[in-house]
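Asker: In case you want the letters, here they are:
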Amino acid sequence: MMTEQNPVAKVTKRDVTKVWFIYYLGAELSNSYERLQSLIFCASMIPVLKKLYTTKEALSEALQRHLNFFNTEGIVGSIIHGITIAMEEQKAKEEDVPDAAITGIKTGLMGPLAGIGDAVVWGAIMPLIIAVFLPLAMNGNPMGGIMPLVAYTGVTLAISYMLCHKGYTLGKESIIGLLQDGRIKELITGASVLGLFMMGALSASYIKIATPLKISLLEGSPIVIQEVLDSMAPGLLPLLAVFGIYAYLKHKGPRYNRILVTIILISVVCSLLGIL
Amino acid sequence: MNSLEVAICMGLYYWFSRLRLGYTFSSMLLQPVCVAVFVGLLLGDMSKAMIIGAGVQLVYLGVTSTPGGNVPSDPALASCIAIPIALKTGMDANLAVALAVPFGVIGIFVDQLRRTINAAWVHMADRYAEKGNLRGIYLCAFFYPALAGLVIRFPIVFATTYYGDTVVNKFLSLMPLWLTHSFELMGGILPALGFAITILVIGKKQLIPFFILGFFAVKFLNIGVMAAAIFGTCLALLYRGNSSKDGGAKA
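Protein chains in written order, with the numbering used here: chain A, 1 to 276; chain B, 1 to 251.
One should not assume that every hint holds.
Only some residues are given here: those of chain A computed to face chain B with a beta carbon under 8 Å [what the hints assert, rightly or not]:
#1 Arg35
#2 Gln64
#3 Met138
#4 Pro142
#5 Tyr152
#6 Met198
#7 Ala201
#8 Ala241
#9 Leu260
#10 Ser267
Heads up, simulated SDA-like pairs for lysine to any residue below, C-alpha to C-alpha not over 20 Å straight-line [unchecked claim]:
#11 A:Lys18 x B:Leu134
#12 A:Lys18 x A:Leu157
#13 A:Lys208 x B:Leu177
#14 A:Lys56 x B:Asp126
#15 B:Lys219 x A:Leu237
Calculated from the structure, these hints are not laboratory results.
Remember, it's a predicted structure, so these values are computed and weren't measured experimentally.
C-beta atoms are modelled at their ideal positions from N, C-alpha and C, and glycine is treated no differently.
Start from the sequences, fold in the hints, and give me the full structure.
Answerer: Next up, the structure:
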């Protein structure tokens, strides 16, 4: 590009990497109820801002701009940092980018990208990686804990590094195009299918509910309820538990404590009565 | 290692894992299986620590993945307390789960406290930004929250792991059979919560059949985790391929 004509220092690949890494390090560290990730967003932009804005007033203004409310998923969301760097660079060069445009693109993208990130990174990749190594842990092998740490960190670092740089090179227009592109939707759907299938597979082996109830008839052997249930389809009670809780969460919102207390009560009562 | 050292180490581990230094790194660090590795090293019984850790992990498999950064339950607090106590008192994984869950709930309040306190640093950063003080902003983003975290997190785990095993031992010896059994039940049912949360996060109604497919694939065919991952990937690719043909135009 036309670096010679332009008094503003050029943002290097290294600067973008610095921004990405500071954000990765502290994305949740300073998270607060008031402005969520605003503090880390501002802190992560420092390497670029101090290069672009040499006067104290301009720097201070830029810092304050990035202390606005911000919150997204930290891996997929790093693309926003790339775009913001590109926009700040534009603003420092030509001064035709209004503050509201930068804040607007940030807040506009943080929701959809959080949705993608939550579904792919937290809904599929994370449980999948833990699940693959869980049998090792169950056999007492420390690799069951070490491998997820290495694999999940490695995979997500690679994704967010790539996306942040991609965001910088693409700039704002193409990103909006990319979000509307069918491929992102396909990716989320694919990840969700895999995630759900795995969660189903895992819940089959890990939720253990069976009833010892028997109905004694006058003559012959008693009817064992669990055997009857198993002959219909194995695992009906665990499946019922999952979808019962799911239905409750869906209709009443995320009331985890109430569900926890209910599960504890059910366990105690059913144990006392010998139902489960 | 003596009890005091173990309690100090666990307190520090809880603080560090919940510090959230490194977005995904720390979120894995606070999972029960990772806590178990640390406890195994500390107490010198890796195998048992991992088995207990795996049991606690099941409850929290889907729990970390809630949108908005809210902690629905804290697997780190649960496991930093339950795994060492379970290992020292020799309880099995189900009982450890029952011990872990209440602490997981307490963890929510600790995290709410942290995020409330963290609001103070944002205001501090506002003032630093006005002055263009870059070092001040870094301190607000990293140092002050870390310090506050140490103050609110270390004591809980330190105190409970230091005094916990004697209390728990006494309690265990007094416990009637029906209560022990109810803990087993809890350990069996609680993972359902984790899975239900995951379905909620992924959240598309028309995809729920894939959950049921995975469930019965294991129940009827007895396939292992790797096999499930392979089948699941194929299904994902197949479904994606089909839906893109008719779904592309609508998007």
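Asker: With a cut-off of 20 Å on the C-alpha distance, tell me whether A:Lys18 and A:Leu157 pass.
Answerer: Given pair A:Lys18, A:Leu157 holds - Cα atoms ~13 Å apart, limit 20 Å.
Asker: With a cut-off of 8 Å on the beta carbons, see whether A:Pro142 makes it to chain B.
Answerer: holds, 5 Å
Asker: Return the status of the interface hint for A:Met198: holds when the least beta-carbon distance to chain B is below 8 Å, violated otherwise.
Answerer: holds, 5 Å
Asker: Hint validation: A:Leu260 versus chain B, beta carbon distance must be below 8 Å. Holds or violated?
Answerer: Since chain B brings a Cβ to about 6 Å from A:Leu260, closer than 8 Å, the hint holds.
Asker: Any CB of chain B closer than 8 Å to the CB of A:Ser267?
Answerer: holds, 4 Å
Asker: When the nearest CB of chain B is found for A:Gln64, is that gap smaller than 8 Å?
Answerer: holds, 5 Å
Asker: Between B:Lys219 and A:Leu237, does the CA-CA distance stay at or below 20 Å?
Answerer: Judged against 20 Å, a Cα distance of about 12 Å means the pair holds.
Asker: Does the nearest C-beta of chain B fall within a distance shorter than 8 Å of the C-beta of A:Tyr152?
Answerer: Since chain B brings a Cβ to about 5 Å from A:Tyr152, closer than 8 Å, the hint holds.
Asker: Does B:Leu134 sit within 20 Å of A:Lys18, going by the straight-line distance between their CA atoms?
Answerer: holds, 15 Å
Asker: Hold the hint about A:Ala241 up to the distance rule: shortest CB distance to chain B must be less than 8 Å.
Answerer: Holds, because the Cβ-Cβ distance from A:Ala241 to chain B comes to roughly 4 Å (cut-off 8 Å).
Asker: Against chain B, run the beta carbon of A:Ala201 and see if the smallest gap drops under 8 Å.
Answerer: holds, 4 Å
Asker: Are the Cα atoms of A:Lys56 and B:Asp126 separated by 20 Å or less?
Answerer: Holds, at about 15 Å.
Hint violations for this structure: none, all hints satisfied.
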